[in-house]
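Kindly produce the complete structure, drawing on both the sequences and the hints.
Read off the chains here:
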Amino acid sequence: MPTADRQLTSVDRVVLKRVMDLVIPPDGDFPGAGGLGLAEQLERSSQRYGRLRSGLLSVLDAMSLDIASRIEGGFAALDEERQIAALKTVETNLPAQFGEFVELVYGNYYTDSRVHERIGWVGRPPQPEGFDLEPWDPAVLENMRKREPFWRQVG
Amino acid sequence: MTEEPTLHQNEQPVIAVDGLLPPDVVDILIVGAGASGAVVAWRLAQAGFSVVCLEQGRWVDPALYPTRDRNWEILGRHEWNWDPNKRAAPVDYPVNDSESEITPLMFSAVGGSTIHWTAHAPRFHPSDFRVKTLDEVADDWPFTYDDLDPYYDLNDMMMGCAGISGDPAMPPRSPRPMPPLPLGEDGRHMAAAFERLGWHWWPSDNYVNSMPYGGREACNYCGPLGFGCTRKAKSSTDVNYWPEAIRLGAVLKTYSRVSEITVGNDGRATGAHYFDRAGNVHHQAARSVVMAGNGVGTPRLLLMSKSDAHPDGLINSTGLVGKNLMFHPYSITTGLIPGLSKTWKGPMGNILMSQEFYETDLRRDFVRGYAYQLNRGSGPLTTALGGAHEPVSWGAGHHEDFSERFGHNVILAGIGEDLPEEHNTVTLDERLTDSNGLPAPRINYRLCENSKRLLDHSVKSATQVLEEAGATRIMANPLLRSGGWHLMGTARMGEDPERSVVDGWCQAHDADNVFIVDGSVFVTAGAVNPTPTLQAIALRAADYIAHERDDLKG
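Each protein sequence line maps, in turn, to chains A and B. Residue 151 in our numbering sits at position 151 of the first sequence; the count goes up by one each step and never skips. Residue 115 in our numbering sits at position 115 of the second sequence; the count goes up by one each step and never skips.
Careful, some of the hints might be misleading.
No farther apart than 25 Å at their CA atoms in a straight line, the calculated lysine to any residue pairs in the SDA-like style are these [claimed, not checked]:
#	chain 1	residue 1	chain 2	residue 2
1	A	Lys146	B	Leu479
2	B	Lys342	A	Arg118
3	B	Lys342	B	Asn477
Counterexamples of contact, computed for chain A against chain B with all Cβ distances above 12 Å [stated by the list, open to error]:
#	residue
4	Thr9
5	Ser45
6	Arg51
7	Leu65
8	Ile67
9	Gly74
10	Asp112
Hints are computed from structural coordinates only; laboratory data are not their basis. Every residue, glycine too, gets a C-beta built ideally from N, C-alpha and C.
Structure follows, in structure tokens:
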């Protein structure tokens, strides 16, 4: 188990950016999570929540220990297919930590205003503006009102 | 996570006192300022009793709720999580839930769990109070639906209920003070599917303002009311009952964690020891004690309050304190409907309800029944993380999976009636403690076979109606583990002192000046959210004290 106060190395940061792009790849001309430049922010946000920090460090440590990576001279040197295979191995061996890492990646990607615009989400806090809904229409109950009461009588 | 989330905590002194300083010995000491404690404080202050309430949490300023923060979805998973083990704030107590199939959820603050509830406000059915007579399971309650009806009505007025009369699944009742919330596109779509199958649906009763009411604004349909309502359009007892109770003379002390109910030589309660935020111990003397810590907090404190007169814990001569824990087990079935595009638009809580399968039907392989709650989708992060289901897949299929879900997901929550079983318990953990070193509660809970069959049925029927609605993909979770919103049964009521902890007026059999007014007293669980029922029970108990227990008034 890595210590939560371990700092990321420059190699870690290269791996992190690449892994983020594997987790959320580019979508057409829209960059993936790594290409959007969210790695530094992810590193910062992980320091706020210990559980997620632990997931991040566990995944990075596991990637650095991956046999294929070590033979080839590092994770970045692997082709995409083998990078994905390495990541799936981590997911299998460390499911909880991998889940926390994915939560971090999703958390940074899906709170980004560029992503909100891309997916058609209203990129603002829900309050104070809220949303409009069509007013209540009592006519929708016309059919239900015809049904006989069916609650169970108690003697 | 584009900006650092703010802490959303307002600074408070060691003990914050709202109201005039109380006399040395008060008439009524309430433990817990949540849904039911607020009710009793209001009613008994109105009746001229001196009232003090001790609350371990704090006042939370609605202006600081997460929904004003662009990172509201992240805050909701951490600082504002419904699970006290995940919030891990000093005012929370941890819960050892490792041996429970459902994790309990709660919130320590003035208003209690009404701060983070979605304010769905259904009533029990008349049959819920007579399950032994009708179905030969569990026990009957010591009163009937009709006994509770006027208190339901009073509570609906105080909390502010939006809804409409005429539901064929329920007895006739008084009009609500406000019309229902709008159904929205997804609500109308699903209502039509229920109708095509010939199944019941009805707009939900909600304690959410559909128009200005009680000095509070109307809902603006922002969505995530489960993380607090900055407009106070969603009702919680910190914005309705408590301000009135304090105006009437009740005193509320926050950051005050009760460690023991004290008793005299006669075994009657004399008050309570409590910690302030700095860890100092105080004693509040009282002529009577009203427990309002709900189905986990109340038995925990009773079990901690051992004395010569009550060697197994306060009012526990039967050994039933902490036993018969009931949750409402939930199934979650989510349909992805391409014809809908913005299912995140509108209040997150219940839109409509179906009680087609509520009452016992001997053709099924289970007794009692369940209800459906139709819930909306949520924001992008919650969608990506899956909600009650598996997260959106990572890798090559990610965007396709996300696009299929986001804005197209409608959620049918099947809420089942749990049956009381003595092996489902709240006890004191031998190692885990809260921030004052007091033992944490330990939950042992297993789902019974009846509940499993009932939940399986709920998934099958939900699948049927979602297919009718045009869902192209359906995801099912037959038991939501993180769904322990409703905590009931751990100090049950009844007329037989050997088979119950309190009587039908919520008065302890073992000590006539101890009352319990929260979900602990439930004999059975029904298959709807319990808060209106527990508040109505609390109002009824308070009326009893006001009219029959003048001896408790100094």
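Okay, the hints, checked on the actual structure:
1. A:Lys146 to B:Leu479: Violated. A:Lys146 to B:Leu479 sits at ~34 Å, over the 25 Å cutoff.
2. B:Lys342 to A:Arg118: OK: B:Lys342 and A:Arg118 at ~15 Å, within 25 Å.
3. B:Lys342 to B:Asn477: Since the Cα atoms of B:Lys342 and B:Asn477 sit roughly 23 Å apart, the hinted pair holds (cutoff 25 Å).
4. Thr9: Given that every Cβ of chain B is farther than 12 Å from that of A:Thr9, nearest at about 22 Å, it holds.
5. Ser45: violated, 4 Å
6. Arg51: violated, 9 Å
7. Leu65: Non-interface label stands for A:Leu65: nearest chain B Cβ at 21 Å, farther than 12 Å.
8. Ile67: holds, 21 Å
9. Gly74: Fine: 21 Å to the nearest Cβ keeps A:Gly74 off the interface.
10. Asp112: violated, 6 Å
Comparing the model with each earlier hint shows violations of hints 1, 5, 6, 10; every other hint is respected.
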